[in-house]
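From first to last, the protein sequence lines stand for chains W and X.
Residue numbers for the first sequence follow the numbering used here, so the first one is 4 and each next one is one higher.
Residue numbers for the second sequence follow the numbering used here, so the first one is 11 and each next one is one higher.
Source of the hints: derived by calculation from the structure; they are not laboratory data.
Predicted model only: the values in this text are computed from it and were never measured.
Backbone N, C-alpha and C define an ideal beta-carbon position, used for all residues, glycine too.
Heads up, some of the hints might be wrong.
Said to hold, decoys possible - On the chain W side, residues computed to face chain X include the following (Cβ under 10 angstroms):
1. Gly165
2. Ala168
3. Gly169
4. Gly186
5. Gly190
6. Glu225
7. Asp294
8. Gly298
9. Phe304
10. Asp310
11. Ala313
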Amino acid sequence: MRILCAGVSHREAPVEVRERFSVAAGEAPEALRVLLAEGGAAEAVVLSTCNRVEVYAATPLAAPPTAAEAGRTLLGALARWRGTDPGAVAKATVVREGPEAVRHAFRVASGLDSMVVGETQILGQFRDAYGVAAAAGATGPHLNALFQRALAVGKGIQAETGLGAGRASVAGVAVGLAEKVFGDLSGVSALLLGAGDTGSLTLRHLREAGVGRLAVASRTPERAAAAAAAAGASALPLDSLPEALAASDLVVGALATEAPVIGPDLVRSALRRRRNRPLVVLDLGVPRNVDPAVGALEDVFLYDVDDLRAVVEETLRRRSAEIAACEEKISTEAAAFWRRHGEPRDAGAAVGELVRAVEGIGEEEARELLARLPGLEPAEQERIREGVRRLVNRILHRPLSEVRRASENGGAGDLVAAVRRLFGLPEEGPPPRPPPG
Amino acid sequence: MGGSPWLVGLIGAAVALYAASAALATGRLLGRPWARRGARATLAAGFALVTTALAAAAATRGSLPVATVPEACLVLIWSATGVYLVLDATRAIPALGTVLLPVVLLLFVAAGLLALRHPAGAPPVDDALILGHVAAALGAYAAFFLAFGAGVLYLVQERQIRSRAPGPIADRLPPLARLDRITYGALLAGLPLLTVALLVGFYAASGSLGAADLSRDPKVAASLVLWLFYATLLGLRTGGAVRGRRVALLTVAGFATVLATLVGTSVLGTGHTTAVLAAERP
Numbered sequence: 004m005r006i007l008c009a010g011v012s013h014r015e016a017p018v019e020v021r022e023r024f025s026v027a028a029g030e031a032p033e034a035l036r037v038l039l040a041e042g043g044a045a046e047a048v049v050l051s052t053c054n055r056v057e058v059y060a061a062t063p064l065a066a067p068p069t070a071a072e073a074g075r076t077l078l079g080a081l082a083r084w085r086g087t088d089p090g091a092v093a094k095a096t097v098v099r100e101g102p103e104a105v106r107h108a109f110r111v112a113s114g115l116d117s118m119v120v121g122e123t124q125i126l127g128q129f130r131d132a133y134g135v136a137a138a139a140g141a142t143g144p145h146l147n148a149l150f151q152r153a154l155a156v157g158k159g160i161q162a163e164t165g166l167g168a169g170r171a172s173v174a175g176v177a178v179g180l181a182e183k184v185f186g187d188l189s190g191v192s193a194l195l196l197g198a199g200d201t202g203s204l205t206l207r208h209l210r211e212a213g214v215g216r217l218a219v220a221s222r223t224p225e226r227a228a229a230a231a232a233a234a235g236a237s238a239l240p241l242d243s244l245p246e247a248l249a250a251s252d253l254v255v256g257a258l259a260t261e262a263p264v265i266g267p268d269l270v271r272s273a274l275r276r277r278r279n280r281p282l283v284v285l286d287l288g289v290p291r292n293v294d295p296a297v298g299a300l301e302d303v304f305l306y307d308v309d310d311l312r313a314v315v316e317e318t319l320r321r322r323s324a325e326i327a328a329c330e331e332k333i334s335t336e337a338a339a340f341w342r343r344h345g346e347p348r349d350a351g352a353a354v355g356e357l358v359r360a361v362e363g364i365g366e367e368e369a370r371e372l373l374a375r376l377p378g379l380e381p382a383e384q385e386r387i388r389e390g391v392r393r394l395v396n397r398i399l400h401r402p403l404s405e406v407r408r409a410s411e412n413g414g415a416g417d418l419v420a421a422v423r424r425l426f427g428l429p430e431e432g433p434p435p436r437p438p439p440g
Numbered sequence: 011m012g013g014s015p016w017l018v019g020l021i022g023a024a025v026a027l028y029a030a031s032a033a034l035a036t037g038r039l040l041g042r043p044w045a046r047r048g049a050r051a052t053l054a055a056g057f058a059l060v061t062t063a064l065a066a067a068a069a070t071r072g073s074l075p076v077a078t079v080p081e082a083c084l085v086l087i088w089s090a091t092g093v094y095l096v097l098d099a100t101r102a103i104p105a106l107g108t109v110l111l112p113v114v115l116l117l118f119v120a121a122g123l124l125a126l127r128h129p130a131g132a133p134p135v136d137d138a139l140i141l142g143h144v145a146a147a148l149g150a151y152a153a154f155f156l157a158f159g160a161g162v163l164y165l166v167q168e169r170q171i172r173s174r175a176p177g178p179i180a181d182r183l184p185p186l187a188r189l190d191r192i193t194y195g196a197l198l199a200g201l202p203l204l205t206v207a208l209l210v211g212f213y214a215a216s217g218s219l220g221a222a223d224l225s226r227d228p229k230v231a232a233s234l235v236l237w238l239f240y241a242t243l244l245g246l247r248t249g250g251a252v253r254g255r256r257v258a259l260l261t262v263a264g265f266a267t268v269l270a271t272l273v274g275t276s277v278l279g280t281g282h283t284t285a286v287l288a289a290e291r292p
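For reference, chain X alone in the conformation it holds in the complex (with noise of 0.2 angstroms):
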């Protein structure tokens, strides 16, 4: 998103209010009553600056600010907290966001590491087929982060129920059932997204890279890992196959997978976005 200085004074204003707004849930599921109000509020301040820099960026760019990892990291952290303040709003799920945000604050310093190590940016998105596939992945990586939240939720209470001396934490989380029906709606949106987001990025690939090109591509290799994982996962769980816990534990690691798709293979410079933009151009 290029180094204007009030875009990253816009960012840095957010990171502290979702910085606020992770403590103040944390706070409230405790049972602290001076974080009952605030932590939704500071979100949705929070969301609001990620919004106008987003819209910002998109209107200097003159397209969607999702040419590198930095910035699609901020359209993830942007789709997810939508979707969380949305979910919050109507189910309220306010314990959802002391598992997610910690995770939003850490993409927040991922995407600022990354925008360090390569602070030229890259050449603006403008093709419709990039940018189907990049809000395809983007709101399937956005499901699987819903579905890590509930995840690890499901986790701490059934570790509560468990014990046999349920804490008060037991009484603020929701049942385990909601939380089961939270991570399965979460991959049933997830999958089919992340298969055409993968579909649309072979399509608009294909012209213009060889097949041995993608298949060097650790990214791609990555995402089909990915897609293989979570159709296996809800074949699953859809077949009662598996359930619960174990659909918990495996959404946690599944999202750890889509981390390293986002983020490591950035890290790893394998230069994905750019690749296949530079190959796009004449």
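The following block holds chain W by itself, in its conformation from the complex (with noise of 0.2 angstroms):
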């Protein structure tokens, strides 16, 4: 079998082309089927994100006879499917074989191949889509493995490295601030001043981030209360902002304003009436929304953008530093598991239907020989089928040494599917293992 990924990523194609061949939840297990159906694919697992649209697969590899054919045969079943022109996205397509496709997985899984590198979302996609296929039946013992193992290797890279610590974005790095602030946001009230561009994605970062209660203030109480219906929150006038303020835990500032509207007075009051309880407030707007003098305040933790930005440039320092040490880990990681999932099963099969057969032709070899043959004593008959062994071996003895090596080296697929192909060996797999439960 050969291990291939086929696809196309944020690294090679626009969003453009990313989209044309996107999977959605749902249409995975018929996208499995067609993949199975159609595409050369004896296993195969769909991974379809934002950022990319990638198909792992176990393929034979005797037909297609490169890894390049083959994961055009499967990108082009699936662009079928999807009614795409495959000549369209070809250019931006990516195909990896074999020790390389190990590696890969084994970086998507850990984030290292992401846009944001080190986020951690792309874990639990991988998981997803590996869930599906299992679920779908389109998983055997070859991806079932590699999805593990891989999938091992991304939990331990963010458990033991500093790649996934912090957040890279702005609203990340707020809700992380509140995050640290209150523990589980579902208890606590979120008001957002403004309803424009800035503040309706903050408010839709909170919102899936899980604050309990979302209040939108503004000027225009139209804006306000059309942020407030898309996001299921509640519209205030900004003349409330005493009471709201009272009432709210976190406050995001992205109001378009020349001067200040919170400052220390109106907080001290607010925090008067809520007894003291904290108050985060981010302030996102420039000018700012909120006077510096309120972070002085016991009680109150006040980040500008600036403190923000800053905040995610550390993260992604941070980050850059663990980077060759998480790559040298997966190469690692990768190697150790092809020696043992790889090219050495697939040659060490191989390897061994070819002495049986070639050992089988020899015997009957011999035995028609010795048929044609009558009245030979028992040690000149001895003679005669040791002679064809010794023959079968120096036969044999070069092929069996180039594979051996190659397996070795890491470079045996080609071979191993000549090996197969010339003496006419099955294609054939090691039995099915059951899916995880």
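Using the supplied hints, reconstruct the complex from the two chains, each of which is provided in its own coordinate frame.
See below:
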């Protein structure tokens, strides 16, 4: 079997290209069926996220003869099913085979191949993609082993290195900061000032982060109402700010304003009314919505947009420092995986089958020869059998040595395919293992 | 706990395990992968050794080993560790160990020094009232110890967040609200226990010691100051007059008073326990 990864990602293809291949969660079983039936895959998993659409597959080595062709066949089937022209994405398509495909899977699961390096969401998406494929019966021993190991490697990288630590977007940092103060956000009340693009985006992040109650206050009540309705929040007039401030744990300022609308006196008064419960204030406005003096008040945590950006930059810097160590760990893990599950298994099976096949031919020929030479002494018969065995061994010596050497050096795929083709050996993997429960 | 060599060896081994656990807990807080599993296991092993030592001492003595300050220190270590292990197992707050375990080690050292200072020990405590007094006081101290640990973590986390450049440690510390809840919960548990300890102690002593004798005991005075301090703190926190950083600072200061009450007065040689016990006896 050949382990393949074929697809498009944010590295090579813009979103207009990626979206042509995109497979929604509900469509995945049908896409897998197409890949197995028309794409030449014996096993398949489809990973479709905002940043990539990739097919991981185990395909027979014999046909198509090269990995590139096998990858094109897979994506061609997917493209036809999607109703798109395979040629339109051919340039952006990357096909990886064998150890390179394994290493890529490990990098993807670990977040090393993500647009924002170290993001942790991909591990869950990777797990879901595998779960869907396993449930659809599209995985077998090769991809089960690959995905289970990739998930373990990804989890290990996230837990044991600083690659996934911290938040790497302004909205993410804002949510992370709120979590550092309040923990679970389901009991938190958030107030958003401003209903523009920044405000709406932040509102969406807060909703996704599980903030319990959301309110939007804006100078234009209609815009506040529209933004609130879109995010399931309540709309407030801006002149109700003193009351709203007292009732909120998290305030996000994204108002277009010439001067701060929140000053220390207003916050002091709100703190008294909220019996000094902590207040997190995130000022995303430029010019600032919140007087910097507010940050000096006890029980108030004020971050302006520069503070948030600085945290993002620091997070990315820390992650960069971890990349080399993570790449090394992944290379080691991928090589170990390939030694155990990759070529040696195929090469070993092919070698065994070849020996059995040629020895069988030798024994058959020896039997026929002895039948045509009656009256030979047992010792003479044995000498003939021994001669045939030596002939078989001499014929097999070089092919076997070459396959073993190539297997040890990590490049036996094509050779094994050639051996199977030349000697007519069946294309057969080890017995299937059940997917994990 | 007397000078039984194997008991001393048991406590010595426990100290080594507690020290290892403190180092591992710190390593875990600093994000060292090798420290992830070891901290809890070494602490559990140390806790088992202290439990064994206390059980053996209780069996030999025929009563709880709380007659001297070193013994009381050990029981405090035992109860605080037990509470922490349960909390860590159910709520996973490994960072708390980074703060609590070094103080526990200091308590071990204090207990050892005090044991050297008063090698003769004290008569066994077999009076139910005195036992109740001691158990309630040590329970209160353990709760205040926990509040101290959560308070220190609150101050560190608050400083991280306020710095506007929180480091990786901020990701490994619990959220402020959680630490505040732990502190408040520990105060809510500790104050009633301290109240019971004081009332039972007064009642037990009133029959044998006069009011004048009690007023001359610095430990009694320190305990009253402690009670007043924590009662005020709890009242202010419940009313919302103080929260967060101020409560954390006050719990840290409060535990310093606890240590002064427990160990300090003993170093000064007030003989609180033995005086009461001696007076109890005919």
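Okay, the hints, checked on the actual structure:
Residue-level restraint check for Gly165 (chain W) holds (minimum Cβ-Cβ distance to chain X is 6 angstroms; threshold 10 angstroms). Given hint, Ala168 (chain W) at the interface with chain X, holds; its Cβ is 5 angstroms from that chain's nearest Cβ, closer than 10 angstroms. The beta carbon of Gly169 (chain W) comes within 7 angstroms of a beta carbon in chain X, closer than 10 angstroms, and the hint placing it at the interface holds. The restraint placing Gly186 (chain W) at the interface with chain X holds, with a minimum CB-CB distance near 4 angstroms, inside the 10 angstroms limit.
Given hint, Gly190 (chain W) at the interface with chain X, holds; its Cβ is 9 angstroms from that chain's nearest Cβ, closer than 10 angstroms. For Glu225 (chain W), the interface hint is violated, the least distance from its beta-carbon to any beta-carbon of chain X being 35 angstroms, above 10 angstroms. The beta carbon of Asp294 (chain W) comes no nearer than 16 angstroms to any beta carbon in chain X, farther than 10 angstroms, and the hint placing it at the interface is violated. A cut of 10 angstroms between beta carbons decides the hint on Gly298 (chain W): the least distance to chain X is about 8 angstroms, and the hint holds.
Contact between Phe304 (chain W) and chain X, as hinted, is supported at the beta carbon level, the nearest pair being about 6 angstroms apart and thus within 10 angstroms. For Asp310 (chain W), the suggested interface contact is upheld, since its CB lies about 4 angstroms from the closest CB of chain X, less than 10 angstroms. Proximity of Ala313 (chain W) to chain X holds as hinted, the smallest CB-CB distance being about 6 angstroms (cut-off 10 angstroms).
Checked against the numbered hints above, the structure violates hints 6 and 7; every other hint is satisfied.
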